[in-house]
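K.L.:
Note that the protein sequences, when read in sequence, are chains R, C and H.
My numbering applies: residue 1 is where the first sequence begins, and numbers increase by one.
My numbering applies: residue 1001 is where the second sequence begins, and numbers increase by one.
My numbering applies: residue 2001 is where the third sequence begins, and numbers increase by one.
If you are wondering where the hints come from, they were derived from the structure by calculation, not from laboratory data.
Treat the hints with care, as some may be off.
[Unchecked claim] Here are the computed lysine-lysine pairs in the DSS-like style, where the Cα-Cα straight-line distance is at most 27 Å:
id, chain 1, residue 1, chain 2, residue 2
1, R, Lys-76, C, Lys-1189
2, C, Lys-1192, R, Lys-34
3, H, Lys-2155, R, Lys-179
4, C, Lys-1179, R, Lys-14
5, C, Lys-1237, R, Lys-122
6, R, Lys-165, C, Lys-1189
7, C, Lys-1192, R, Lys-76
8, R, Lys-122, C, Lys-1189
9, H, Lys-2017, H, Lys-2233
10, H, Lys-2129, C, Lys-1131
11, H, Lys-2056, H, Lys-2177
12, H, Lys-2212, H, Lys-2243
13, C, Lys-1189, C, Lys-1179
14, C, Lys-1179, R, Lys-165
15, R, Lys-179, H, Lys-2212
16, H, Lys-2048, R, Lys-179
17, H, Lys-2212, R, Lys-137
18, C, Lys-1179, R, Lys-197
19, R, Lys-179, H, Lys-2185
20, R, Lys-179, H, Lys-2075
21, R, Lys-78, C, Lys-1189
22, R, Lys-123, C, Lys-1179
23, C, Lys-1131, R, Lys-123
24, C, Lys-1237, H, Lys-2075
25, C, Lys-1237, H, Lys-2250
26, C, Lys-1189, R, Lys-81
27, R, Lys-137, H, Lys-2017
28, H, Lys-2214, R, Lys-179
29, R, Lys-179, H, Lys-2017
30, R, Lys-165, R, Lys-122
31, R, Lys-223, C, Lys-1179
32, C, Lys-1189, R, Lys-14
33, C, Lys-1237, R, Lys-24
34, H, Lys-2212, R, Lys-258
35, R, Lys-81, C, Lys-1179
[As the list claims (entries may be wrong)] Far from chain C, some chain H residues (derived; all Cβ distances over 10 Å):
id, residue
36, Lys-2007
37, Thr-2016
38, Lys-2048
39, Leu-2053
40, Ile-2080
Glycine included, every Cβ here is placed at the ideal spot set by N, Cα and C.
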Amino acid sequence: MPISFEHVSYIYSKGTPYEYTALKDVCLDIEEGKITAIIGQTGSGKSTLVQHLNALLLPEEGTVHILDRAITASEKPKQLKSLRGDVGLVFQFPEYQLFEETVLKDVAFGPKNFGASEEEAKKRAIHALELVGLSDKYCERSPLELSGGQKRRVAIAGILAMDPKVLVLDEPTAGLDPKGTEAMMTLFHDLNRKHGKTVLIVTHDMEQVFRYCDNVVVMEDGKVRTHTNVESFFRDPAACRDMNILPPALIRMKEMLKENGFDIPEDVLSTAALADCIARQVKNHG
Amino acid sequence: MANITLGRYIPLDSPIHRMDPRAKILAMLLVLIAIFFPAGWLGYAIIFVAASAVIIIARLSFSFIWRAMKPMLFMLVFLFVINSFLLKTGDPLLTIGSFTLYSDAVFQTLYIAVRLLLMVMITTCLTATTKPLDMTLGIEDLLKPFQKIHVPAHEIAMLISIALRFIPDLIDETERIIKAQESRGVDLKEGKIMERIMAILSLIVPLFVSAFQRAEDLANAMEARGYSPGEERTRYKVLKMEGRDYVLLAGAAALLACMVWLAYFR
Amino acid sequence: MSIVEVKNLTFSYDGTKTNIDDVSFAVEEGTYTTIVGHNGSGKSTVAKLMAGLLEKKSGSIMIDGMELNLENLSKIRNRIGIVFQNPDNQFIGSTVRDDIAFGLENHCVPQTEMDGIIEANAERVHMTKYLDHEPSRLSGGQKQRVAIAGVLAMKPKILIFDEATSMLDPSGKDEIKRVIKNIHKESSLTIISITHDIDEVADSDYVIALEKGKVAMTGTPHEVFSSVEEVRKIQLDVPFSLKLREELAKRGVHTEQHITMEGLVKELCRSRSNM
Chain R
1 MPISFEHVSY IYSKGTPYEY TALKDVCLDI EEGKITAIIG QTGSGKSTLV
51 QHLNALLLPE EGTVHILDRA ITASEKPKQL KSLRGDVGLV FQFPEYQLFE
101 ETVLKDVAFG PKNFGASEEE AKKRAIHALE LVGLSDKYCE RSPLELSGGQ
151 KRRVAIAGIL AMDPKVLVLD EPTAGLDPKG TEAMMTLFHD LNRKHGKTVL
201 IVTHDMEQVF RYCDNVVVME DGKVRTHTNV ESFFRDPAAC RDMNILPPAL
251 IRMKEMLKEN GFDIPEDVLS TAALADCIAR QVKNHG
Chain C
1001 MANITLGRYI PLDSPIHRMD PRAKILAMLL VLIAIFFPAG WLGYAIIFVA
1051 ASAVIIIARL SFSFIWRAMK PMLFMLVFLF VINSFLLKTG DPLLTIGSFT
1101 LYSDAVFQTL YIAVRLLLMV MITTCLTATT KPLDMTLGIE DLLKPFQKIH
1151 VPAHEIAMLI SIALRFIPDL IDETERIIKA QESRGVDLKE GKIMERIMAI
1201 LSLIVPLFVS AFQRAEDLAN AMEARGYSPG EERTRYKVLK MEGRDYVLLA
1251 GAAALLACMV WLAYFR
Chain H
2001 MSIVEVKNLT FSYDGTKTNI DDVSFAVEEG TYTTIVGHNG SGKSTVAKLM
2051 AGLLEKKSGS IMIDGMELNL ENLSKIRNRI GIVFQNPDNQ FIGSTVRDDI
2101 AFGLENHCVP QTEMDGIIEA NAERVHMTKY LDHEPSRLSG GQKQRVAIAG
2151 VLAMKPKILI FDEATSMLDP SGKDEIKRVI KNIHKESSLT IISITHDIDE
2201 VADSDYVIAL EKGKVAMTGT PHEVFSSVEE VRKIQLDVPF SLKLREELAK
2251 RGVHTEQHIT MEGLVKELCR SRSNM
């Protein structure tokens, strides 16, 4: 069952002087079982788009299809709750949603809201904490005294504990250092590859898109500008620049080498492969 | 939040908008005092005409005033019910079974309704035409004489202006936290008592944590830029009273005098 | 001449755990210095100590020839401007104009001179058009530019940026990096930037790397990155040109150490035509 947007429009503050159309007739199919990056400039509608996935926002016009459900403007709030358990949405800076006395209680909060028993919720919480790499020695600590990176892991565990089929993350690595970013992205990659979850990531970081994602959706001015797989997306650095996107370092290096007469095939997509290619050409000349 | 009109600033350009906030605050206080004199219907009619004139000059619409009044209607209905049971003086107006409505109950309620309407009109004339920051500057200046008796005029004004500055940010923050918790299955509208309590806690705790973080950041930023409470500083915005400000004050004072005369010397 | 001299600085937030441990370094006047380190390495704490926002436990901090202590605090604050991470939480005024005025008011600048100073500094960060805008109508990058104008207006000798670009989107980051670079080029200001941005580090005059509250490495970017392994050990990112250099070396192609891709490409081109 793919996730799809059919002619979806969304307007903020409708009928007031602040009225603002954030999504304009968006049509989009998102592949299941893949990692999809949603990119675009601030204000292009990325966050608005993903908030439709668990029906935090209902389309003003059009339909969102997700997990056998069709969501339209007339959706009753009551039926939405179960959807929120199936589509886990992690907001930007999720550490600000922690509130319980202990890490374990906070992570178990989600499953309990969806009707899991105390015991079941705890079991799921411990499992989720394991997934994000926090051992059970953290369970009884207060979430507020952890480091920034750990807090974020706890917050993400809080969503994973609901065992969602689709995981949506809004700028999950904002404010993390390079090491923390890498660990976080590896986690999402594992959740997709080993646990079969469909993952959507809103991000500005092209290095991460290049290294970890399968597909990429470019939003621009409330519309989908491009939707393709990552490989072919970065094949055309000029088109990226045209969309105000700085391609990742490897692609920029390839571009520069090509301009200087090196022959770099399209399928060179890792530092090692690039080094191979260069080494051949530098030596071949000798 | 968007439909609260009472106390909201309306960015327009009018002679009233351009007046010195101190003159406007003082004039408002004088007229508010005037309303409390029992000057009778004639007195209230005079105040109503004066306030209406100011509203027209300020280019505000009367429907705006009416919307500001609306939340108080419930209170007035309640008051009318109480009055009709308690006040048994004046002429009997109508009888239903053993219950008789007397004219004083109607007049008394109407009297309060009119006073309330006038107060809303007068305060709206101030708040709708004065930027929040100008208001705090005005309050600061008016409180200055009281610094001698240790009223921290500047600190109070700084406190109000920072609070005003951060209200939109805190509203955004609240909306974000609500959405984040709804994504974790929180239902703010329904549920058993315990669930409701947890739902509210899941909003309030994060809101406090982030407000404290904000306060700490802000304190650092202010300190780093040389702010030190209680120390002398200059002020960028200087208020200046002009001819029209004195006219407004004189008008307000005349209105007050007129009410006193109507109430006691006629 | 060193405009900042930190000697044997120690600091603890809670009195038990040492967050800054015997840190010493110097910053030369007029340079662009970057302080790097992973989250929790103590880099922001060092910035706050330099600006006198935290009180050291022991050691000394000399700023522009003056010892940082309670007595000199306000004099030293006049020399140092600091721009913080969160664009929203350092915007104090209700409009751009009022926010720039805030620092001037604190420094008792006469009211009649303020407008001139505000406009001149708004010009330096290209915010003249937005002087009467409220913060809610500005982007993150614009708010940070206002913060920069606010500290510039106080004529500091040292500007500290405490991860000033980390909460911005790519275009905001570029915007602020450009503004900082221009300010450094035009003035004799000393810039100290705490950052994760590897390009900014490669572009700076001097790098101070912190790890677990201690100074792990110092030197020019060339010196610091001459040991890629050391850099990785303290969990920092390595410029792409150096990653590629490593891979090339494994394949018998040895190149000079370049911290920019342009440099590496140039050398590769040469060796290609020479051979």
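K.L.:
Now look at each hint and say whether the structure bears it out.
P.N.:
Results for each hint:
1. A threshold of 27 Å between alpha carbons decides the hint, and for Lys-76 of chain R with Lys-1189 of chain C the separation of about 13 Å falls inside it, so the pair holds.
2. Our distance criterion of 27 Å between C-alpha atoms is broken by Lys-1192 of chain C and Lys-34 of chain R, whose separation comes to about 39 Å.
3. Between Lys-2155 of chain H and Lys-179 of chain R the alpha-carbon distance is near 37 Å, which puts this suggested pair outside the 27 Å criterion.
4. A distance of roughly 19 Å separates the Cα atoms of Lys-1179 of chain C and Lys-14 of chain R; the hinted pair therefore holds under the 27 Å criterion.
5. This hinted pair does not check out: Lys-1237 of chain C and Lys-122 of chain R have alpha carbons roughly 58 Å apart, beyond 27 Å.
6. With a CA separation close to 26 Å, the supplied pair Lys-165 of chain R and Lys-1189 of chain C stays within the 27 Å bound.
7. In summary, the hint linking Lys-1192 of chain C to Lys-76 of chain R is supported, as the alpha carbons are separated by about 20 Å, within the 27 Å threshold.
8. The suggested pairing of Lys-122 of chain R with Lys-1189 of chain C holds, with an alpha-carbon distance near 26 Å, which does not exceed 27 Å.
9. Simply put, Lys-2017 of chain H and Lys-2233 of chain H have alpha-carbon atoms about 23 Å apart, close enough for the 27 Å limit, and the pair holds.
10. Of the pairs offered as hints, the one joining Lys-2129 of chain H and Lys-1131 of chain C holds, with about 21 Å between alpha carbons and a cut-off of 27 Å not exceeded.
11. With a CA separation close to 30 Å, the supplied pair Lys-2056 of chain H and Lys-2177 of chain H exceeds the 27 Å bound.
12. For the given pair, Lys-2212 of chain H sits about 25 Å from Lys-2243 of chain H by alpha-carbon distance, which is consistent with the 27 Å threshold.
13. In summary, the hint linking Lys-1189 of chain C to Lys-1179 of chain C is supported, as the alpha carbons are separated by about 13 Å, within the 27 Å threshold.
14. With a C-alpha separation of about 19 Å, the suggested pair Lys-1179 of chain C and Lys-165 of chain R falls inside the 27 Å cut-off, and the hint holds.
15. Restraint check: the Cα-Cα separation between Lys-179 of chain R and Lys-2212 of chain H comes to about 15 Å, which is no more than 27 Å; the hinted pair holds.
16. About 24 Å separates the Cα atoms of Lys-2048 of chain H and Lys-179 of chain R, which keeps this hinted pair within 27 Å; it holds.
17. Taking the CA atoms of Lys-2212 of chain H and Lys-137 of chain R, the gap is about 22 Å. The hint holds against a cut of 27 Å.
18. Distance restraint check for Lys-1179 of chain C and Lys-197 of chain R: the Cα-Cα separation of roughly 22 Å lies within the 27 Å cut-off, and the hinted pair is therefore satisfied.
19. Only pairs whose Cα atoms come within 27 Å are accepted, and Lys-179 of chain R paired with Lys-2185 of chain H is rejected, the gap being roughly 32 Å.
20. Of the supplied pair hints, the one linking Lys-179 of chain R and Lys-2075 of chain H is violated, its CA atoms being roughly 39 Å apart against a limit of 27 Å.
21. For the proposed pair Lys-78 of chain R and Lys-1189 of chain C, the alpha carbon gap of about 10 Å is at most 27 Å, so the pair holds.
22. A C-alpha spacing of about 26 Å is found between Lys-123 of chain R and Lys-1179 of chain C, which places the hinted pair at or below 27 Å, so the restraint holds.
23. For the suggested pair Lys-1131 of chain C and Lys-123 of chain R, the alpha carbons sit about 55 Å apart, so the restraint of at most 27 Å is broken.
24. Only pairs whose Cα atoms come within 27 Å are accepted, and Lys-1237 of chain C paired with Lys-2075 of chain H is accepted, the gap being roughly 26 Å.
25. Distance check on the hinted pair: Lys-1237 of chain C and Lys-2250 of chain H sit about 66 Å apart at the alpha-carbon level, beyond 27 Å; violated.
26. This hinted pair checks out: Lys-1189 of chain C and Lys-81 of chain R have alpha carbons roughly 12 Å apart, not beyond 27 Å.
27. In summary, the hint linking Lys-137 of chain R to Lys-2017 of chain H is supported, as the alpha carbons are separated by about 20 Å, within the 27 Å threshold.
28. For the hint linking Lys-2214 of chain H to Lys-179 of chain R, the alpha-carbon distance of about 18 Å falls within 27 Å, and the restraint holds.
29. With a C-alpha separation of about 23 Å, the suggested pairing of Lys-179 of chain R with Lys-2017 of chain H holds against the 27 Å cut-off.
30. Proximity of Lys-165 of chain R to Lys-122 of chain R is assessed by CA-CA distance (about 20 Å); at most 27 Å being required, the pair is judged to hold.
31. Restraint check for Lys-223 of chain R and Lys-1179 of chain C: satisfied, since their Cα atoms lie roughly 23 Å apart, inside the 27 Å limit.
32. With a C-alpha separation of about 23 Å, the suggested pairing of Lys-1189 of chain C with Lys-14 of chain R holds against the 27 Å cut-off.
33. Between Lys-1237 of chain C and Lys-24 of chain R, the direct Cα distance comes to roughly 44 Å. Violation of the 27 Å bound is thereby established for this hinted pair.
34. As the CA atoms of Lys-2212 of chain H and Lys-258 of chain R are separated by approximately 42 Å, the hinted pair breaks the 27 Å bound.
35. The hinted pair formed by Lys-81 of chain R and Lys-1179 of chain C meets the criterion: a straight-line CA distance of about 13 Å does not exceed 27 Å.
36. Every CB of chain C lies more than 10 Å from the CB of Lys-2007 of chain H, the least distance being 23 Å, so the non-interface label holds.
37. For Thr-2016 of chain H, the condition that its CB be more than 10 Å from all CB atoms of chain C holds, with the nearest at approximately 21 Å.
38. The non-interface label for Lys-2048 of chain H is inconsistent with chain C: the shortest C-beta to C-beta separation is roughly 7 Å, within 10 Å.
39. Its closest Cβ contact with chain C, about 5 Å, brings Leu-2053 of chain H to no more than 10 Å, contrary to its assignment away from the interface.
40. At roughly 8 Å, the least C-beta separation between Ile-2080 of chain H and chain C is not larger than 10 Å, which violates its mark as non-interface.
Checked against the numbered hints given earlier, this structure breaks hints 2, 3, 5, 11, 19, 20, 23, 25, 33, 34, 38, 39 and 40; the rest are met.
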